[in-house]
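Asker: My request is simple: use the sequences and hints to build the entire structure.
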Amino acid sequence: MKLALFADIHSNLEAITACLAHAQSLGADRHAFLGDLVGYGADPVAVLDLIEQHAANGAVVVLGNHDAAAIGRPDDSLNDNAQAAIAWTRDQLGKRQRAFLAGLPLTIRDDNILFVHASAAAPERWTYVTGPAEAQESMTAGNATYIFCGHVHEPKLYYMGAGGRPMPFRPVPGTPIPTGKHRQWLAIVGSAGQPRDRINKACYALADMERSRLTFFRVPYDHSSAAQKIRSAGLPERLARRIERGA
Amino acid sequence: MNSLGPGSEVDGFLLGELLHAGSMATIYRLTGPDGPLPLIIKIPRLGPGERAVNVIAFEVCRMVLGALAQSPHYPTLVAFGDVETTPYLVMEYVEGVRLNDWVGRAPIGPEEIARLGSALALALHDLHRQDVVHLDLKPTNVLYRTHGEAVLIDFGLAHHSHYPDLLAEEIRSPVGNWVYMAPEQALGVRCDPRSDLFAFGAILYQLSTGRLPFGNPTTIARLRQRLHRDPVPPRALVAGVPAWLQEIILRCLEVDARDRYASAAEVAFDLANHAQVAITDRGLRERRAGWGRRIRRWARAKRFEPAPCPPPSTRIGPAPIVLVAISPAQADDTLFEALRDAARRLIAADDLCRIACVTAVPLAAALSGERYEDTATGRHIKHLVNLRRWAKPLQLPEERLTYHVLESEKPAGALIDYARMNDVDQILIGAARSASARLFPGVSAQVVAEAPCTVTVVRPRPD
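Read top to bottom, the protein sequences are chains H and V. Quick note on numbering: the working numbering labels position 37 of the first sequence as 37, and the sequence is numbered without any gaps. Quick note on numbering: the working numbering labels position 358 of the second sequence as 358, and the sequence is numbered without any gaps.
One should not assume that every hint holds.
As the list claims (entries may be wrong) - A short, non-exhaustive set of chain H residues, derived as facing chain V with CB atoms under 10 Å: (1) Gln24; (2) Ser25; (3) Asp29; (4) Arg30; (5) Tyr159; (6) Gly161; (7) Phe169; (8) Thr175; (9) Thr179.
The hints are simulated quantities; they were obtained by calculation from the structure and are not laboratory data. Source: prediction; values computed, not measured. Backbone N, C-alpha and C fix where the C-beta goes; we use that ideal spot for every residue, glycine too.
Answerer: Written as structure tokens, this is what we have:
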């Protein structure tokens, strides 16, 4: 199984389309969408319809905090720009999209894999996994060989050391990392729709489950069009700039 | 696995003569199946009573050998078994002489040391260029092929910056051979290629004097003595050691990695051209530091902070942004072409860089003429077309080009603000030359003076 992992898509149709095409060219035969499908970007309906199609074909989809906010579960932690985008998104969504989001679970467990948007320790609290301490909490609570998640927009891989302390690693795009089943791994796959590390390429990861290899990728996409749509929609300028600059 | 021996079979490979039985792994020659290369199999020692580091070293060795570009400096990895079921590595059997054989004959002559050393340094440099640090360099891990190339073996403790470091923090006491270990490695740093240069210096010391520079420590306290106690200068032990060789050895053995050579290539060069080595106090030293200096060194060692690791060669940094300031007025074709040439050179030098084409124009009057070109939007579009016309011959993919029309009464200020807001790395701007470019006198001068980044003023060659 080659499992393609996408997180923090944020209504960026150009980014997710480019990532899906990239994953397909590498033979991905299963997909997981790790939450924050909407928010920030200008194409919530098209993105949700696309993901819903994949879900109908067996893709894993979990709920993110922006998704929850878009269907009326308020999230005070969102900043003004995010709130503005959520208010706008709410108006765009039809009954079908709202129902799809409302039906999403916080976590999905599949054999030795746990899919979650934020931390597996109390997923509804949307804790950011920003360091080994949070990673350890998530890995302990998740109790799975592999935890695949998002929420934090920069790609990062944590691997459990012998001392029970996870070690952080910043993956090099395109380098397959051996991720043996004898260890515990937590992969933050990085944001597809709104990268923030000053690289304006979409993040996603591909897990080759048979060969125990995980590869993080950066995919160039038409961020100019995505930014232009954000401007045309009247969303905050900062959100357009962010995806142009990747920061 | 422990009952294996010559004649046993592992995953279809037939074991032959036992070559090495170490604390971490056992190595046999293979007698079958026949292939183009003579092969060995390395089997980690696992099971009750064995150390966890054995299995990690196996994983690391497989990861690093699998990632290294094929080269005479490393054994070719042919096959490997799964770490959970049948861990093994099948590799090329390197026909050659171990560096250890020379150690038995030490002290050996400086010319021979220079030959062996420069070959080894070249192999190390090849390794370091691939973002790998060996971290277990010792005479038994180096072989020389018939033609003199050095081969590095046993990457079980290596660090590859493209992969998670499985050995970090796994091990309570510093992992590696304590005889040759660099001070920073003794403190847990595992990402500095200059740690290999320290081990390299310790090997040259041993070859030229027949003695170990820091003895054979058995406790961590003794291991850490190298943070403050300097070795006896080689020339004090063997009178025949030339000053250039002592200079090279002691420079490799500096406590602070920043005081060593910056790269193995530099050491290789010095060894191959030793007549040109600049001799400093290091090369001429006749005894170890006296009491005064020892106390100072000891005090320094107390607060020793290892040097930060140099960045890996392939670190993916943010793509640099180049702002090209394009004159808003009637196009000046020679200047346009000169700016394009300058941009092309930057694009050729960095295949990630992005080009922001920017023009600064006066604020459009609210009430404009009746013709569309004279309206605010019409003029804006005209400027955009002008920018696109400039950029088109660059043939850059769309995602690496952006176009911006800045409206301001102060064009230089607008360009500088734009550069600051967008973290621009470099500005290309045309020199005021033609009548049209002189419409805004001093723009380039002001940008040069105030921009927060490198500014290149481009001037076409006179015809």
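Asker: Hint by hint, note whether the structure agrees.
Answerer: Here's how the hints hold up against the structure:
Checking glutamine 24(H) against chain V: minimum C-beta separation of about 20 Å lies over 10 Å; hint violated. The criterion of a C-beta within 10 Å of any C-beta in chain V is not met by serine 25(H), whose closest approach is roughly 18 Å, and the hint is violated. At its closest, the beta carbon of aspartate 29(H) sits 22 Å from a beta carbon of chain V; the interface hint therefore is violated under the 10 Å criterion. Hint status for arginine 30(H) relative to chain V: violated, with the closest Cβ pair at about 23 Å, above 10 Å.
Checking tyrosine 159(H) against chain V by beta carbon gives a least distance of about 5 Å; that is within 10 Å, so the hint holds. The closest approach between the C-beta of glycine 161(H) and any C-beta of chain V is roughly 5 Å, which is under the 10 Å cut-off, so the hint is satisfied. Restraint check, phenylalanine 169(H) versus chain V: the minimum CB separation of about 4 Å is within 10 Å; hint holds. The interface hint given for threonine 175(H) is met, as the beta carbon of that residue sits about 5 Å from the closest beta carbon of chain V, less than 10 Å.
The interface hint given for threonine 179(H) is met, as the beta carbon of that residue sits about 9 Å from the closest beta carbon of chain V, less than 10 Å.
Hint violations for this structure: numbers 1, 2, 3, 4, all remaining hints satisfied.
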